[in-house]
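Dock chain W against chain Y, hints included.
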Amino acid sequence: MNHWIVAPIVLPAILAPFIIMVLRFHLDLQRIFSVAGVVALIGIALTITAQAAGGDIQVYELGNWPAPFGIVLVLDRLSAMMVLLTALLALPIVLYAIASGWDDRGKHFHALFHFQLMGVCGAFLTGDAFNLFVFFEVLLIASYGLMTHGGGAVRLKAGVQYVAYNLLGSTLFLFALGTLYAVTGTLNMADLAVRVAELPADDTALLRVGAVLLLLVFCIKAAVLPLHFWLPASYASAPMPVAALFAIMTKVGAYSILRMYTLGFGPEVEATQGLVGAWLQPAALVTLAVGAIGILGTQHIARMVAFCAITSMGTLLIAISLFTETATAAALYYVYHSTLATALMFLVADLVMERRGGAIAPTAPMPQTGLISALFFVGAIALAGMPPLSGFVGKLLVLDAARDAPDANAIWAVILIGSFVTIVGLARAGSLIFWKSHDAQHNTETDPENEEGTPPAPAPEPNPGLAFTAVCAMAIGLVLLTLFAGPALEYTNKTAEQLFTPENYIAAVLGGDT
Amino acid sequence: MEALVASAVGVMTAAGIFLILRRRTFPVILGLSLLTYAVNVFLFATGRLALDAPAVLNKYKEVPYTDPLPQALVLTAIVISFGMTAVIVMIALSAYLSSKDDHIDMNANDSVDAPGEDA
Numbered sequence: 001m002n003h004w005i006v007a008p009i010v011l012p013a014i015l016a017p018f019i020i021m022v023l024r025f026h027l028d029l030q031r032i033f034s035v036a037g038v039v040a041l042i043g044i045a046l047t048i049t050a051q052a053a054g055g056d057i058q059v060y061e062l063g064n065w066p067a068p069f070g071i072v073l074v075l076d077r078l079s080a081m082m083v084l085l086t087a088l089l090a091l092p093i094v095l096y097a098i099a100s101g102w103d104d105r106g107k108h109f110h111a112l113f114h115f116q117l118m119g120v121c122g123a124f125l126t127g128d129a130f131n132l133f134v135f136f137e138v139l140l141i142a143s144y145g146l147m148t149h150g151g152g153a154v155r156l157k158a159g160v161q162y163v164a165y166n167l168l169g170s171t172l173f174l175f176a177l178g179t180l181y182a183v184t185g186t187l188n189m190a191d192l193a194v195r196v197a198e199l200p201a202d203d204t205a206l207l208r209v210g211a212v213l214l215l216l217v218f219c220i221k222a223a224v225l226p227l228h229f230w231l232p233a234s235y236a237s238a239p240m241p242v243a244a245l246f247a248i249m250t251k252v253g254a255y256s257i258l259r260m261y262t263l264g265f266g267p268e269v270e271a272t273q274g275l276v277g278a279w280l281q282p283a284a285l286v287t288l289a290v291g292a293i294g295i296l297g298t299q300h301i302a303r304m305v306a307f308c309a310i311t312s313m314g315t316l317l318i319a320i321s322l323f324t325e326t327a328t329a330a331a332l333y334y335v336y337h338s339t340l341a342t343a344l345m346f347l348v349a350d351l352v353m354e355r356r357g358g359a360i361a362p363t364a365p366m367p368q369t370g371l372i373s374a375l376f377f378v379g380a381i382a383l384a385g386m387p388p389l390s391g392f393v394g395k396l397l398v399l400d401a402a403r404d405a406p407d408a409n410a411i412w413a414v415i416l417i418g419s420f421v422t423i424v425g426l427a428r429a430g431s432l433i434f435w436k437s438h439d440a441q442h443n444t445e446t447d448p449e450n451e452e453g454t455p456p457a458p459a460p461e462p463n464p465g466l467a468f469t470a471v472c473a474m475a476i477g478l479v480l481l482t483l484f485a486g487p488a489l490e491y492t493n494k495t496a497e498q499l500f501t502p503e504n505y506i507a508a509v510l511g512g513d514t
Numbered sequence: 001m002e003a004l005v006a007s008a009v010g011v012m013t014a015a016g017i018f019l020i021l022r023r024r025t026f027p028v029i030l031g032l033s034l035l036t037y038a039v040n041v042f043l044f045a046t047g048r049l050a051l052d053a054p055a056v057l058n059k060y061k062e063v064p065y066t067d068p069l070p071q072a073l074v075l076t077a078i079v080i081s082f083g084m085t086a087v088i089v090m091i092a093l094s095a096y097l098s099s100k101d102d103h104i105d106m107n108a109n110d111s112v113d114a115p116g117e118d119a
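Residue numbers (the working numbering), protein chains in the order written: chain Y, 1 to 514; chain W, 1 to 119.
Among the clues, some could well be false.
[Said to hold, decoys possible] Derived, one-sided and incomplete: chain W residues facing chain Y with beta-carbon distance under 7 Å:
id : residue
1  : VAL28
2  : LEU32
3  : VAL39
4  : PHE42
5  : LEU43
6  : THR46
7  : ALA77
8  : ILE80
9  : MET84
10 : ALA86
11 : ILE88
12 : ILE91
13 : ALA92
14 : SER94
15 : SER98
Hint data in this document are derived by calculation from the structure and do not stem from the laboratory.
A virtual CB, placed ideally from N, CA and C, is assigned to each residue, including glycine.
Isolated chain Y, as found in the complex (with noise of 0.2 Å):
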């Protein structure tokens, strides 16, 4: 067996305990031991990347009990590439709540994330349907501890709707777990395709209802429309630095969804066959069309960004809900951009109100406002999908894929319009944030009783040039793939050809004792 499959997993899980119970007290050990663990988690990541690359599907078996009996773990392109991003993404992350102090304004934030990390890692490499929802349990537990960190009555009143919201989310993936069992008999997501394609299919009413419900456990945990309503007040509310890595955690909901419906409830099976995709593609497009006119409507730069998180996942699902080939691959290619789009935006609105305060209106002009609108610039030109970087080349691959959709004109409609929105909403905060403080600085010096008294006394980080860099870090990843886009495409086509043919994975788990 490959034990370095289980290492993304371990490691974390060995770090963390490591963090809360010998370095409690010291934080510069702290910091060191963390980012050592995710550089350490980046290697280990591109090792398995390499391995699952070759194509073939490895299989590590927990305990080494046999497959539908115990707990897998299954190695594929999906999986690696997935394991990968959370990597990459929390270096740059680490490094800047280091440089900007968010790990001391609070405790255990470095345990806290690294068992956030092993969550996400262990979700998606998991091949077991309750293991599954074991790693959705360690991930949510980390975040409740990362979303308070740093405590204050916002940032707790919008932790206890998150936590509520879901462990609501929790008891519905029981109950969807539950009926899935009571049907099938299983809960191995291998064993589980091969049980659900030998149903009869005048008995697999139950089947129907297990496989909605999961779908809404996952579109919670992906903010898909009527089930959004968690995301914008938790990550503004968050700490930005935490909200950045959450980045990832609506990607897992999108992960799941393509791995539940990829493989356990294929396309081509009778029972469920369109029911996902009828159901998710419209909330897909109304979850863009609503983030859209959230980020036009919001007054704060961190609500602003959650919303761009929404209409990101809106364009992710799109693509996911077409269910074939290109439209996985070009969802996959999206994911990364997305994901990284994303922190870089919530890291600079943390440079943003560190300085001045979240509102979008004008105040006075923070220090090194040029290099930080400059990396504004960059995410919004990245989220709102203009050429030249890569959020451009992602939603071009997602149009292409749904040109021959059924619902080609309103797919392409909803992104074109819901693109256009974006933009307009973006330019608008960013100059009112950064052209218009200029102007504001005259009413400022004349009128000094304005309404909102003095502004915020500039925190001066501990040491700004990390925060820029990593920051810089973030842009630079995604104008590398951007530049890299074709063989970072030709790694996600050849994803999607193994998701598509679910028996490779099928007979990897089931078939023999590797």
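Frame of chain Y, contents of chain W only:
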């Protein structure tokens, strides 16, 4: 027995959802607890209801046995929901103590407030 278990799950779920739709933290937490009880009973029932049957196979004679897997699932679910309830009680308490208000929804002032300033 099926009717009893099914109605127990149904009544607990209904009561749980009703309580969650209240807007104070205490009823919401009670509602979440009721929902987790409901889902635990539901998970038990997914292994089919069997009375007086052990959860192990007997290799010497054919005796009825009950499915052991849902029991393991329920155990995991109980542990997780118990821990989660403790977490939400603590967060709700500190939210109440810091804002002197146990409403679960944010009011207008909360959302425009710059959340980065309060560290």
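Going through the hints against the structure:
1. VAL28: holds, 6 Å
2. LEU32: holds, 5 Å
3. VAL39: It holds, given that the least Cβ distance between VAL39 (chain W) and chain Y is near 4 Å, below 7 Å.
4. PHE42: holds, 5 Å
5. LEU43: Hint holds; LEU43 (chain W) Cβ to chain Y Cβ min 5 Å, cut 7 Å.
6. THR46: With a closest approach of 4 Å, the THR46 (chain W) hint holds.
7. ALA77: Check passed: Cβ of ALA77 (chain W) comes within 6 Å of chain Y, closer than 7 Å.
8. ILE80: Since chain Y brings a Cβ to about 5 Å from ILE80 (chain W), closer than 7 Å, the hint holds.
9. MET84: holds, 5 Å
10. ALA86: violated, 10 Å
11. ILE88: Check passed: Cβ of ILE88 (chain W) comes within 5 Å of chain Y, closer than 7 Å.
12. ILE91: holds, 5 Å
13. ALA92: Check passed: Cβ of ALA92 (chain W) comes within 5 Å of chain Y, closer than 7 Å.
14. SER94: This hint holds: SER94 (chain W) lies near chain Y, its Cβ roughly 5 Å from the closest one there, short of 7 Å.
15. SER98: holds, 4 Å
Checked against the numbered hints above, the structure breaks only hint 10 and satisfies the rest.
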